[in-house]
Amino acid sequence: FETFLRVRFRIDGALEEIQKIPYKLTPAIVSRIKILAGLDICEKRIPQDGVINFRMEESGADLRVSTLPSAFGEKVVMRVLGTTNLNNDLSKLGIPDHQLKPLRKNIHSPNGLVLVTGPTGSGKTTTLYAGLNELNDISRSVFTAEDPVEGNLPGVTQCQVNNAVGFTFSSILRSFLRQDPDVILVGEIRDQETAEIAIKASLTGHLVLSTLHTNCSSSTIQRLIDIGIAPYLITSSVNCIVAQRLVRRICDSCKEETPVSSEMFTSLGLEDGALDTNVIYRGKGCDSCHGTGFKGRAPVYELLEMNDELRRLVLKGGSKIEVKRLARAYGMQTLRESGLALVKEGLTTIEEVLGRTQEDEEGRLPLEIVKEQLGLGFAGVTEESNESPKPTEVKETQIIMADETQTEEEKEDQSGEESISARWKKAKLNNVNSN
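Counting from 912, one number per residue, gives the positions in the sequence shown under the working numbering.
Bear in mind the hints are in silico, worked out from the structure with no lab data behind them. This one's a predicted model, so the numbers in the text were calculated from it and none came from an experiment. Check each hint, because a few of them may be wrong.
[What the hints assert, rightly or not] For lysine-lysine, the following DSS-like pairs were computed, each having C-alpha atoms within a straight-line distance of at most 25 angstroms: (1) LYS935 x LYS986; (2) LYS1255 x LYS1003; (3) LYS1195 x LYS1255.
[To be verified] Derived Cβ-Cβ restraints for the label pairs, each shown as a range: (4) ARG1015 x LEU1179: 30 to 40 angstroms; (5) GLY1077 x THR1115: 17 to 27 angstroms; (6) GLY1032 x TYR1241: 28 to 38 angstroms; (7) ARG943 x ARG921: 14 to 24 angstroms; (8) ALA1075 x ARG943: 16 to 26 angstroms; (9) ARG921 x GLY1077: 41 to 51 angstroms; (10) ASN1218 x PRO1021: 34 to 44 angstroms; (11) ASP923 x GLN1269: 14 to 24 angstroms; (12) THR1188 x ARG1015: 26 to 36 angstroms; (13) ILE1049 x ARG1015: 29 to 39 angstroms; (14) ASP951 x TYR1241: 53 to 63 angstroms; (15) LYS1111 x GLY1077: 48 to 58 angstroms.
For every residue, glycine included, the Cβ atom is placed at its ideal position computed from N, Cα and C.
Start from the sequences and build out the full structure, keeping to the hints where you can.
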């Protein structure tokens, strides 16, 4: 960097070098950008943030500018805002039907908390705005607190955070609660205070939409606990959690078939036959995609919908792995599974999915086995008594799970009922004796 100024664009999530400029021009270019963004050109010792309002004849965009002092001068990053189509509804985002239906149900709920998680640039705002577009009508009062406001929504009261004057997410939320809101969007839950106010709003008859920066939906619950939210408040307020990523789409102009081989799966660390298909696709590169083989991006979703069993597990102090295991037993499709489904459809590559999603810790287990492992089994209900099912005693469950060296017969004596594995062993023994 000491001899040139490098200009790079992040296109579809990947950085591409556009131009190299002689280093002697760097001070003039950086100063001009800082002037347009309303920053202090004399201050080069500390980071600064600003906005450039860029307008043309019938279109325009806002550039969010961030400067950072470095060893060879100031580094400038500009994020383009306002170019994404934020007027879509949920049906136009490419969400699969089995995930769209529960998401839409929870977003149209009169109250509760809906969380969208993922890293910066994963499409969280687009998803939230699509949900707001479905809710935004004359019968609802809709408010948003954002940093910054990324798009204009007609009929919605949008407020931008200004930390310099104390206009923070938490202070904006307090003001919203005095404005008779029906729907509240919080751009990001960053601290305990904001989380507590958002949860309070969701418990007092308001629908709250917000985001967190977590790797998956199950880790979102642990993040809320880590910042100081009591588990009973989480289980009372959270309706569903959506984790998402964006993967690059294969260019339609140069897409070509590639045969699937066992060696390919082995080299990528996947089980043989993980895709259940003999053909996948790749882009060989063309003028349309500038030789990258990709053009555009596709979303990958993981939707965790809360139910009574998941709430019981959270209240018991279940780990994020246990929450994920139970959610998968109820049918949740993980980010990795959703991404591989796109590979099977020919929309993206295996490498793209593996690079954007985490490996699942274990395979999908049957619901009955998972509930027994986690101590969530229910006693049976007889038709004569017509009584509600009673939870298994927590004390007995803890004894069973704590001592892994016990035999199945000892566990059966303590719990008062046979485990699945014990019943299976007895059935197998009886079958041998009968033969």
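Results for each hint:
1. LYS935 x LYS986: holds, 15 angstroms
2. LYS1255 x LYS1003: holds, 21 angstroms
3. LYS1195 x LYS1255: Given pair LYS1195, LYS1255 holds - Cα atoms ~18 angstroms apart, limit 25 angstroms.
4. ARG1015 x LEU1179: 30 to 40 angstroms: Given range 30 to 40 angstroms: holds, Cβ gap about 34 angstroms.
5. GLY1077 x THR1115: 17 to 27 angstroms: Holds: the Cβ-Cβ distance is about 24 angstroms, inside 17 to 27 angstroms.
6. GLY1032 x TYR1241: 28 to 38 angstroms: Once the Cβ atoms are compared, 30 angstroms apart, the range 28 to 38 angstroms for TYR1241 and GLY1032 holds.
7. ARG943 x ARG921: 14 to 24 angstroms: holds, 21 angstroms
8. ALA1075 x ARG943: 16 to 26 angstroms: holds, 24 angstroms
9. ARG921 x GLY1077: 41 to 51 angstroms: violated, 33 angstroms
10. ASN1218 x PRO1021: 34 to 44 angstroms: Violated - the Cβ-Cβ distance for ASN1218 and PRO1021, about 19 angstroms, lies outside 34 to 44 angstroms.
11. ASP923 x GLN1269: 14 to 24 angstroms: holds, 21 angstroms
12. THR1188 x ARG1015: 26 to 36 angstroms: holds, 29 angstroms
13. ILE1049 x ARG1015: 29 to 39 angstroms: At 20 angstroms between Cβs, range violated.
14. ASP951 x TYR1241: 53 to 63 angstroms: For ASP951 and TYR1241 the Cβ distance comes to about 54 angstroms; the hint holds.
15. LYS1111 x GLY1077: 48 to 58 angstroms: violated, 20 angstroms
This entry does not satisfy hints 9, 10, 13, 15, going by the numbered hints stated previously.
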